Amino acid sequence: MSRYIRSRENKNMWIDVECWDLACVHCDLEKKETGAVLCECGGIFCQTHIAVHHYQKHLTLSIEGGPKGRRVELDYAKDPGSAACFWNLVQEKIFASHVVPGPDSRSIYGCVHVLALASARTRKRTSLVLPSIYQDTSPCCYCSLRVNRWLCMVCGLLFCGNPKYGLEGNQHVDMHFSQTEHCLFMNMDLSPTISEHNSVFCRMCEEFVNCRLGADIFRHMFTVIRGCFKCNPEAKKEHKKKHLCSGCLEGDLRGGGEEKEKKLGVTKKGGVKNIDGSCYIASVLLCASFVLTKTQLHKILPAKTCSQAPDSCFGCLLARLLFQLAHMHLSPTKFVVSIAKIKKRLAKAYPNYNYEDKNDPARCFRHIICLAKKHETPGHPVSLSRSFFIVSMVKSWCPACNQAKEAKDQVFIIYLKPYQTVTEFFSVKHLNSECTCTAKPQIAQTTLLNIPRIVVVRRKRTQQHILGDRQGATIDVHPVISYHISKENQKKMNLKVSTDASQRKAKKTFHDAVPEIQSLFDELFPNEALPSSLLGAFYNSYTNECIPESLINQEASEDGAYTGKLQYTLVAAVIYQASDKGGKYFAQTWGETTPPDITKPWTTINDEKITKEPFFHRDATLMFYVWR
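Residue numbers (my numbering): 1 to 628.
Heads up, a few of these hints could be off.
DSS-like, lysine-lysine: derived pairs with alpha carbons at most 27 Å apart [claimed, not checked]:
| id | residue 1 | residue 2 |
| --- | --- | --- |
| 1 | K343 | K395 |
| 2 | K395 | K440 |
| 3 | K417 | K584 |
| 4 | K343 | K609 |
If you're looking for bench data, these hints aren't it; they were derived computationally from the structure.
No experiment lies behind these values; they were computed from the predicted model shown.
Sequences are here, hints too, so could you generate the full structure?
In structure tokens, the structure reads:
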């Protein structure tokens with residue numbers, strides 16, 4: 001330490017250090033053995049209180065970087081108990097290179113607990129001999145359970161997790177966290193290798209964190225023997241498959257080329273293979289194809305007059321894929337349906353798909369429909385996007401002065417607020433805003449300006465979710481939505497009321513389309529016969545195109561507009577399940593003739609199999625409603 005330092009308050013004033021009494025201003029104890037620390041603001045502290053002082057007075061850490069110049073700031077909650085960890089983080093400036101990934105990196109930013117642990121562990125090594133962990137066989141240190149195991153990143157002990165999604169567990173992770181407050185855990189069951197893309201679960205933040213620091217901490221603290229006890233550890237380090245046991249080979253999904261593309265999508269047993277982050281695309285397509293089998297299935301017939309090749313036109317490519325998935329839903333036999341071409345086209349049109357940790361089913365569905373809409377030229381018969389097109393109007397008025405405002409919106413997805421239901425979204429609400437006449441509150445209501453057969457709803461997670469709040473809004477299985485269609489919109493929509501003449505015309509159109517359906521089926525499935533269930537779905541789609549006359553109440557509106565209420569039914573949903581890979585998505589559908597019930601088993605398409613599971617209403621991310 002130099003004798004003179006510059007004052008923080010006055011840059012022109014220099015302070016003589018040797019003239020000071022080197023005693024901590026907090027505990028008033030001389031630290032001659034360890035030495036006192038002089039802060040740049042002029043205060044003298046011991047090794048313990050300098051961290052608290054710096055954390056409370058001077059700690060401001062802002063980190064910039066990320067893909068495309070994105071700025072990210074780490075804002076820490078003030079916790080004096082962990083001040084020393086944050087002081088270490090400030091001292092170790094090298095961690096900025098770990099937190100801020102390069103342009104080609106797929107890592108996301110870690111939580112403060114991961115950064116603090118990494119700062120403490122990489123500064124000094126506690127032991128020259130690192131403990132060994134058998135990834136496949138090391139049991140829980142309490143109950144000796146060998147599945148659903150989580151490694152504590154602080155003390156290096158294995159504990160079993162919570163019994164969820166069919167996994168055994170005795171909740172020893174929660175017990176260890178409550179006793180020691182060690183909050184960082186890594187799953188030891190799912191990954192065949194510990195790579196830089198492995199996630200760490202923070203029990204304090206209740207989030208999975210994809211960060212390279214997790215792998216750095218793991219390599220710095222432990223020696224992992226992958227595979228069973230019979231495997232050669234030296235060969236395992238070189239990743240030679242010929243030295244792996246059958247259990248290790250079964251969990252090894254590495255590979256590339258055509259073999260990898262075959263696994264991209266729906267497998268032979270009907271489940272979704274989670275490779276390359278494609279599970280969210282497959283789940284969205286599975287739900288979209290399922291709701292189309294309930295209504296509007298005739299909209300997926302590809303165009304014969306398209307001038308482009310089937311693989312070049314995204315509309316025709318999507319129509320063929322949805323036709324295959326519709327047959328998968330209605331047929332008892334399962335087969336392989338690859339979504340590799342769809343993912344390539346999405347990645348080419350939207351660069352965000354190059355980052356696997358930024359997957360979102362709502363954004364994926366919106367991009368698919370928007371990309372299909374671009375290919376729906378006037379001469380192109382495929383009009384798939386119109387099945388999901390929603391036109392709404394928000395009308396607000398003041399009860400005091402009767403001043404009204406209207407705002408129209410055209411979307412493919414309805415985004416709900418936390419704890420909000422579909423019925424509440426379309427109900428009368430009181431706004432906490434003043435009118436020009438200073439009256440408060442105003443009243444607003446959202447209504448439909450068209451009659452969509454399918455309504456897609458996106459649920460938003462609450463801000464308290466990160467603090468452990470797992471309560472969500474009650475899901476509307478049968479929401480009731482009001483609509484108002486003016487005379488002008490009736491002409492634009494070409495609205496057709498169901499009459500005897502319209503039904504005869506719809507049946508004739510169906511019979512004319514049967515050869516086209518047969519030709520497409522023979523092309524996609526040359527060794528199968530056209531099932532009657534698929535023909536029946538097309539028949540119902542054509543005949544239910546017109547609106548029933550009983551739902552239209554023309555006398556209720558003076559201007560001749562169609563007004564009424566529609567009852568929709570929840571039939572499919574994309575479910576998000578957290579995992580150490582950042583989370584996976586799967587689809588749940590209701591194919592029974594009885595009304596849907598979220599307490600009864602739903603058809604669950606997940607993990608290469610189709611099973612019957614209860615509806616995961618707390619994990620539902622994207623919901624599909626049908627009016628029929």
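Evaluation of the provided hints:
| no. | hint | verdict |
| --- | --- | --- |
| 1 | K343 <-> K395 | violated (39 Å) |
| 2 | K395 <-> K440 | holds (16 Å) |
| 3 | K417 <-> K584 | holds (23 Å) |
| 4 | K343 <-> K609 | holds (22 Å) |
Of the numbered hints given earlier, the model fails hint 1 alone.
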